[in-house]
Amino acid sequence: MIQPLAYVHPQAKIADNVVIEPFATIHKNVEIGEGTWIGSNVTIMDGARIGKNCRIFPGAVISAIPQDLKFEGEDSLVIIGDGTTIRECATVNRGTKALGYTRIGKDCLIMAYAHVAHDCILGDRVILGNATTLAGHITIGDWAILSGLTAVHQFVNIGSHAMLSGGSLVRKDVPPYTKAAREPLSYVGINSVGLRRRGFSSEKINHIQEIYRLLFVKHNNTSKALDIIEAEIEPTEERDEIVNFVRNSNRGIMKGFFQ
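Numbering (this note's numbering), first residue to last: 5 to 263.
FYI, nobody ran anything at the bench for these hints, they're computed from the structure. Cβ atoms here follow ideal geometry from the backbone N, Cα and C, with glycine treated the same way. One or more of the hints may lead you astray.
Unchecked claim - Simulated DEER-style distance windows between Cβ atoms: (1) E207 to M5: 20 to 30 angstroms; (2) K259 to D20: 47 to 57 angstroms; (3) K259 to G170: 16 to 26 angstroms; (4) D79 to N254: 24 to 34 angstroms; (5) K32 to M5: 13 to 23 angstroms; (6) P188 to Q7: 47 to 57 angstroms.
Unchecked claim - The calculated DSSO-like cross-link candidates involving lysine-lysine, where the alpha carbons are at most 30 angstroms apart (straight line), are: (7) K101 to K176; (8) K101 to K183; (9) K259 to K228; (10) K176 to K110; (11) K228 to K208; (12) K110 to K183; (13) K259 to K176; (14) K56 to K176; (15) K208 to K222.
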């Protein structure tokens, strides 16, 4: 159902059962999947690809051009997965030629006034708290939670199941399964509550915790800690994910507990 006071470009591709409320604006090169709800005063610009059963609340702006002086008007996209909710006045910019798209996964929650800049990639079930700000080229793994007023530097990677405290300034990579807080941002434990809620066993949680004791608590430097982890910790999917994340970090990882 498209309200008569909404503007929808005749070439936009709108699936069945999409609701577009009054005063929304849908530009030409836009695709919206079945069952999605577009609130009043939402603006969806060229390059948006919005999945099924999404909800986009009043004042949000999706697929505006990047806030990047190197952008030269190239074609690019914003891709939003099924079931994602974008709350009031949030902004999601489309990609640049560096990647070509900005992607938000399935079942994410992007709270009010959050900003997702060009060429960011968010996994599934990511939560961005109110007024969280992502610079360009940031990658966030599945199930990660960034609490309100968090600001993330460009090119930072945040691992799956990580949880960041409110008001965090994120200049370094945040490994998976961790909790991060303080200034400068530091390791304060693993996200055990979140992991239990998602079905991780006590044995698996203890396994992850032992890895991070070696990495962050035992006063090892990063290279030595990784060698010890690979030599002494049983190989598992979680161990390999952590080791690969740390080894492949270009910006370096956040501080340890006592550093």
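Hints and how they fare:
{"no.": "1", "hint": "E207 to M5: 20 to 30 angstroms", "in the structure": "51 angstroms, violated"}
{"no.": "2", "hint": "K259 to D20: 47 to 57 angstroms", "in the structure": "51 angstroms, holds"}
{"no.": "3", "hint": "K259 to G170: 16 to 26 angstroms", "in the structure": "18 angstroms, holds"}
{"no.": "4", "hint": "D79 to N254: 24 to 34 angstroms", "in the structure": "28 angstroms, holds"}
{"no.": "5", "hint": "K32 to M5: 13 to 23 angstroms", "in the structure": "21 angstroms, holds"}
{"no.": "6", "hint": "P188 to Q7: 47 to 57 angstroms", "in the structure": "48 angstroms, holds"}
{"no.": "7", "hint": "K101 to K176", "in the structure": "24 angstroms, holds"}
{"no.": "8", "hint": "K101 to K183", "in the structure": "33 angstroms, violated"}
{"no.": "9", "hint": "K259 to K228", "in the structure": "15 angstroms, holds"}
{"no.": "10", "hint": "K176 to K110", "in the structure": "26 angstroms, holds"}
{"no.": "11", "hint": "K228 to K208", "in the structure": "23 angstroms, holds"}
{"no.": "12", "hint": "K110 to K183", "in the structure": "23 angstroms, holds"}
{"no.": "13", "hint": "K259 to K176", "in the structure": "8 angstroms, holds"}
{"no.": "14", "hint": "K56 to K176", "in the structure": "34 angstroms, violated"}
{"no.": "15", "hint": "K208 to K222", "in the structure": "20 angstroms, holds"}
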